[in-house]
Amino acid sequence: MNKCVFAAAVLFAALPQISSAAEITGGTVGIGFSQFTDDGDLDKTSATGSLEVGFNRQFSLQGDLAFASFGASDTDANNVALHAIYHAGPATSFGAFAGHDHAEGAGMDYYGLEAGHSYGQFGGEAYVSHAKEDGVSGNLFGLSGRYAVNDVFGVTAGYDHIDLESFDANRTQIGVDYKLGNVTLSGDFGHADGDELGSSNYVSVGATFAFGPQRRTTFKQRDLIRVIPGL
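Residue numbering for the sequence shown follows full-length UniProt numbering, starting at 1 and increasing by one per position.
Incorrect hints may have been included.
Simulated DEER-style distance windows between Cβ atoms [unchecked claim]:
| id | residue 1 | residue 2 | range |
| --- | --- | --- | --- |
| 1 | Gln214 | Asp163 | 26 to 36 Å |
| 2 | Asp163 | Ser69 | 25 to 35 Å |
| 3 | Asp76 | Asp39 | 18 to 28 Å |
| 4 | Gln58 | Ser166 | 35 to 45 Å |
| 5 | Ser69 | Lys132 | 34 to 44 Å |
I should point out that these hints are in silico values taken from the structure, not numbers from a laboratory.
In this text, all values refer to a predicted model and were calculated from it rather than measured experimentally.
Note that the Cβ used here is the ideal one computed from N, Cα and C, for glycine as well.
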């Protein structure tokens with residue numbers, strides 16, 4: 001068992017014990033698949049999980065896990081992360097996060113800041129982070145938003161930018177989601193371009209199960225694995 005998986009197991013084992021002094025406010029478990037349209041071998045299958053514990057109305061902790069398998073490269077990757085969150089009000093939250101990506105013997109640490117706000121039928125998030133691996137470092141930032149057409153149907157959009165030393169990449173996507181009780185089904189169409197990847201469109205589908213009083217976590221996951229549609 002590598003250090004990343006061990007740390008993730010300790011984190012998620014500890015959260016229920018922490019909740020004896022606080023409260024589990026929400027969580028999600030999801031699966032997803034994405035694939036470049038120009039090359040069907042460049043794909044990714046992923047599984048994610050997040051859990052949030054609230055200590056009072058203002059402060060909470062969110063833990064993330066992610067696992068991914070890339071088709072063409074036959075690479076497996078995983079991630080563990082933790083967010084410290086301040087809820088400024090019912091509609092606005094701020095967070096500081098740190099995490100570790102691990103793939104095929106290589107690891108990357110990252111940390112950053114994030115913010116989320118909702119207004120009426122619209123909700124959005126923004127983040128900026130710094131990543132480092134064996135002397136190679138760089139920055140990531142992104143924006144995402146969702147417009148609730150009604151109680152069950154929503155339209156989503158997102159943008160992420162990666163700048164790691166000599167590697168620059170961008171990902172832009174639009175999509176829809178549909179809620180069936182505690183399960184949300186989603187589909188996205190996106191475009192990715194990068195120094196080594198070239199430029200290509202991709203599609204992705206996913207299903208997420210939400211639980212807890214809030215039936216969600218405050219923030220999305222921030223790992224680099226999430227941004228890459230296929231490899």
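Right, here's what the structure says about each hint:
Between Gln214 and Asp163 the beta carbon distance is about 34 Å. The supplied range of 26 to 36 Å therefore holds. Evaluation of the 25 to 35 Å hint for Asp163 and Ser69 yields a pass: the beta carbon distance comes to about 26 Å. Separation of Asp76 from Asp39 is about 20 Å and conforms to the stated range, judged on CB atoms against 18 to 28 Å. Distance hint for Gln58 and Ser166: a CB-CB separation of about 42 Å, consistent with the stated range 35 to 45 Å.
Ser69 and Lys132 have their C-beta atoms about 25 Å apart, which leaves the hinted 34 to 44 Å range violated.
In summary, the one numbered hint that this structure violates is 5.
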